[in-house]
Every structure is written in structure tokens, then in C-alpha cells.
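Engineer: In the order they appear, the protein sequences are chains A and B. For what it's worth, this note's numbering labels the leading residue of the first sequence as 5, then goes sequentially. For what it's worth, this note's numbering labels the leading residue of the second sequence as 8, then goes sequentially.
The hints are simulated quantities; they were obtained by calculation from the structure and are not laboratory data. It is possible that some hints are incorrect.
[As the list claims (entries may be wrong)] When the alpha-carbon atoms are kept at most 35 Å apart in a straight line, the in silico DSBU-like pairs for lysine-lysine are as follows:
no., chain 1, residue 1, chain 2, residue 2
1, A, K21, B, K118
2, A, K21, B, K307
3, B, K149, B, K118
4, B, K217, A, K165
5, A, K21, B, K217
6, A, K165, B, K307
7, A, K86, B, K149
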Amino acid sequence: MSGLPALFYKEMLRFWKVMVQTVVAPVVTALLYLLIFSHVLEEHVEVYPGVSYTSFLVPGLVMMSMLQNAFSNSSSSLIQSKMQGNIVFVLLPPLSYLEFFLAYLGAAVIRGLVVGLGVWGVTLWFAPWQMPHPGWLLAYALLACAIMGAIGIVAGIWAEKYDQLAAFQNFLILPLTFLSGVFYSIHSLPAFWQTVSHFNPVFYLIDGFRYAFVGQSDTNPWLGLLVVSVCFVAISALTLALLRRGYKLRH
Amino acid sequence: MSELVPAIRVNGLRKRFRDTQALDGVSLDIQPGEFFGLLGPNGAGKTTLISILAGLTRADAGHAAIMGHDVIRDYRQSRRALGVVPQELVYDPFFNVRETLRIQSGYFGLKHNDGWIDEIMHHLDLTPHADKNTQSLSGGMKRRLLVAQALVHKPPVIVLDEPTAGVDVDLRRSLWEFVSGLNREGHTILLTTHYLEEAEALCSRIAMLKSGRVVACDTTRNLLQLTNEHCAQLRLDAEAVPAAWQARLQHDAGGGWRVNFSDYAELESLLADLRGAGIRVLEMQLHEPDLEDVFTDIMKRT
């Protein structure tokens, strides 16, 4: 029997035990964004013809919450275990680096999806239900959580102190998610920043995910799928290579 | 008779951390069923050696195997065969005692392990604390939980890295009774400790490490015989001692005399000379050499 289910279960139990912080809080945060931005901009902004600003914003907020929470789950679990020293509990048993990866990734994906569902659930009060492309929704949600879960593993292993992880989160993850079209369409940007946005994989995640909700997007969802899939494979390969070497875990 | 597979075999282990050579060619064989002590001053390489056995650290050179399973190549089997009680008092504050032990079992692929978990908790007096969060446990209880976690998968080889550092007398005693019991049942025990009297009482064989090298490795009995310096403390009814003994006898703090000797015949002739001089012995205490003397001696010599 493999130890993978136990490690996955432990990771799930960990965030579930503090769900006020890990699930409820991000849902409330997203709700605040929705209330403020839709109140201010609803009357003035129409990004796509026939789509209200609130309807435009909802998928962006759901995706942003999924991205941040998937990252948070694996990264904070790992840094806490490292700081506490209880990381030895998972290093001593016969778990392979692949099992280690899958367990942390799996729990990060579930946490991201649970938060995403929560955010979507509360936003249903504000924006009418519509879902022309549920297949795209699932594909983009899973890939987004998986990419961020894997980046979270790398960050959690790399960081040696809480403030290093906080720097990673505040100077990389947060700007990436904020500046990728959650609140606006990149077509409203100057040409230079539009070009820059096309090199940001998070932009494709938000754009493709929004396509599933409103049926309109800035780029072709198939192109987006290709970009984010390549991204996921590359980040997973990097994460697995680090884990295999025992980078900062087995000295 | 066929040769037994050693419980622990390390061969030519080397490990360097930046500018310190933590292990400088360590080779050891520990046989199944032994209670083996690993002694050495801080920084001698004890924890590095244990970390290599556990797969937490990778050696620069050399090999290590648990029950014949290489710790790198056959890490699954070697880790299944090994239970490690780490030196630091670590715990996961998200879980209670029972959850901790169930999860730890799960890491070893054991699903229905509650019977054994109950048994270890019972033996380590953890049962009343089963549903307590690990954060609320006392230091001693956290230490017991670490021992319990090391045993969830019934490993034949158990490594204890300074398990009694900062532990009160009661817990230390009950821990040793428990570990000795495991040893009697056939478990191989590898122990590192700073308490030399503990090692002397428990271990059948001892290796001493210094600066990453094994400087002594023998049965505890043989090691104790390395130093034959006995010591006698005497209280006499006279102020002066016979002239022949003035150089050998030294005043001790309590107003008596102290003499070191390696052969009991010397003591006999001292007593004869004292009687000859009409001096009566009011009190006499003999001190046998202990592991601490041997340890100090070896550390000084090497």
C-alpha cells in the first residue's frame, strides 16, 4: 500500500480544520471586491457587448481566488512543516518524490476548487446564472489550481523563512493575479501592455475561464489551453526535478 | 553458521557541510538484537550519521543499509525497517495524538492499524491524551508521541537520537524500561545520548565518534576495562601518612585522602603500611572506573 492517500488526507484535513481561514475568509474577500467594484463600475463599464460588468467580474474573481488559495495551500503547509520541524514525519516514511508531489498538489487543487465554488456560490446573488461552456470551466479551473499548487510546492520548499514566502506571494503571485485581467479586459490597455499580457500565463487562465461563463474572450480558448497546459507540464517537471534531488529537504 | 544480515551496516560514510567534515569515513556493523550506543561530543557526527540512515541526509561517499536494504537504492524497504525518534521535540499542531498516529501509519501504507496504535499508546501512557491536540501536550508527552510515531509500522530497527535530553527522571526511567522491553523482544536499538551512565547501563556495545571518525568501538565491558584506574577515598585517625606514601596520597576536599591505583595489590600494601604505622582507617570508599572515565580518556587521547 502506498502512503500517498494518507499524505493527501493529512493535507486535506489540515486546511479543513482551519476552514474559516482557508475557505470562508477568501470567499468573503472576493465578495467585498465584487460589492465594491460592481457598485462603482457597473454603470460605466461594459467590456463585452451585452455582458454586464458584474457578470464580467465574477469569473475573474472566482479564478483569482482559486489561484491564490491553491498556491497558499501547498506553500503554507510546507513552510509551516519546515519551520516546525515536523516535515520529518513525511520524510522518514517510504514516500516517493512523486507521491509527495501528487499529495500536495491534489490537496492544493481541492482547496482551490472548494474556494472557487464558494466564491461562485455567493456571487450567484449578484450575477445571473449562465454557463455556456462548462467543459472549459472544468479544464481551466483544474489547470489553474494545479499550476498554482505546483508553484506553491516550489515556493514552500525554497523559502526558509515566512517572510521569504510572503515576498514570493506579495511580489509575484498577487501582482500576477491582479494584473491579468480580473478587473478589466486587456483590450482596454495600451498596446505595449497588451503585448506584455500575452506573455503572462495567468492572463490565459482568467481569459479562458471567463469564456466558459460569458462566451466571449480576448483570445481563443484553445490557444489559452495550449499555453497553460505547456505551463503546467513545465512547472511540474521543475517541481519533480527539485523533489527528486531532495532540494532543501534532504541535505 | 551463515552470517546474519546486519541490522545496520555503514561503510566508509563521508559527509561534508560547507567547511566542516561531519563524517570522515565511518564504518560500523550493528547486529540484529543489539542495544548499541553511539557516543561523542557535540558535532562529532552522530546526528549526521543517523540522518543518513534515515534518508534525511545524503552521504557524499560510502554506503548505508538497514537490514540489508540500501538507504538510497532500496529506500522503501530500508525506511520500512527503520523507526527514528528525532532529537528535536517536533509535532504537528493541526492534529491530536490519535490522528497523528493514524496519519503516520498511513504514510507507511498501513490502513487498519488501530489495534497496534492503541497498544503503543497504552504502553507509553498516551491513552488519556489520545484526543488532545499535540500542541497542548507537555514536553514529556510530546517525546512519548515521537516514540509512538517511530513505532507505528513495527520497525525491527529503532534509532533514538538523544531521546532523554531535557526529560525528567520519571519519564527517562519509564522510557528506558519501554525501550529495553523492545530490545528484549528482538528489536535492534541504536541510541545516542549525552548521559554516559545511561549508555553504560543499557548498551551492550558502544561506538565513540570524534570529529566524524570512529575512535572506539567495542562491547561496553571491554571498553570499561580500557581504564583500570581505580580510586580509593580514605579517612584516617592521623594527620600524617607513612613517608613512602606521601607522594601518592592526596588530600581530598572532605579532610580525607585519595589514592589512585590500577591493581588491588597496591591497595593491600597501603593498608599494611598504615597498620604498621599504627594508623587506623576510619572509613574507606572504592570507586570503579565508569564509562565517563573511559570516554574522557579516549576523547583526550585521540
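Engineer: Could you run down the list of hints and mark each one as holding or not?
Structural biologist: Against the structure, the hints come out as follows:
1. K21/A <-> K118/B: holds, 22 Å
2. K21/A <-> K307/B: violated, 54 Å
3. K149/B <-> K118/B: holds, 24 Å
4. K217/B <-> K165/A: This hinted pair holds, its Cα atoms lying about 33 Å apart.
5. K21/A <-> K217/B: Distance ~46 Å between K21/A and K217/B Cα, so the pair is violated.
6. K165/A <-> K307/B: violated, 40 Å
7. K86/A <-> K149/B: holds, 18 Å
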